[in-house]
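**Q** Please model the complete structure; the sequences and the hints are all you need to start from.
Residue numbers for the sequence shown follow the UniProt record's numbering, beginning at 1 and rising by one.
Just to be clear, a hint being listed does not mean it is correct.
No farther apart than 30 Å at their CA atoms in a straight line, the calculated lysine-lysine pairs in the DSSO-like style are these [claimed, not checked]:
id, residue 1, residue 2
1, K57, K31
2, K60, K49
3, K49, K39
4, K129, K141
To be clear, the hints were calculated from the coordinates, so they are not data collected in a lab.
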Amino acid sequence: MLSESECMCPVCISLLIQPVTFPCNHSLSLKCYKETVEKANLSCPVCRKRISVWARKAAKENKLINMEMWKDIQEAFPEKVRRRLEASEESNSEDEEDDFEAQERRQISCPGEIRQEYEAAIQQIQQKKDEQAKKEEEASKVNFEALQQEEFLSENVEIEEKALMLE
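**A** Shown next as structure tokens:
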């Protein structure tokens, strides 16, 4: 006897309707499987194992639906299966309207806006790098001048010492 948790689709989190069982033994409802494949995702949504070859072969042989599991689910949960199938039939007519609305292009930014933000961010990063390089160059210049001054002073001290020795 199947438990209800064993019969849940991991994608839509509801009872498996016409379950499709992958070679990795994960199962999805047929509707979720079709949506997954339509979006060119040819891997198991649970474990990410590639299923492309298996999917083509199973579809060609008309063996996508795990008929054994589907019969077991229908026997174990007849009322839930009936309600789910009825709900799916009712929502099909609404889905057609929703699909038309979903096809409308939703715009979340103006054309070119994201590129402008990207270029502004790059420019800001470059300015910070330039400022840092300028600071480092100035610090290096100060250190170099200090070393030159120190060297000049030590040379003068040596010259004075030699001059004193010669006198």
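**Q** Compare the structure with the hints numbered earlier in the document and write down the numbers of the violated ones, lowest to highest.
**A** none
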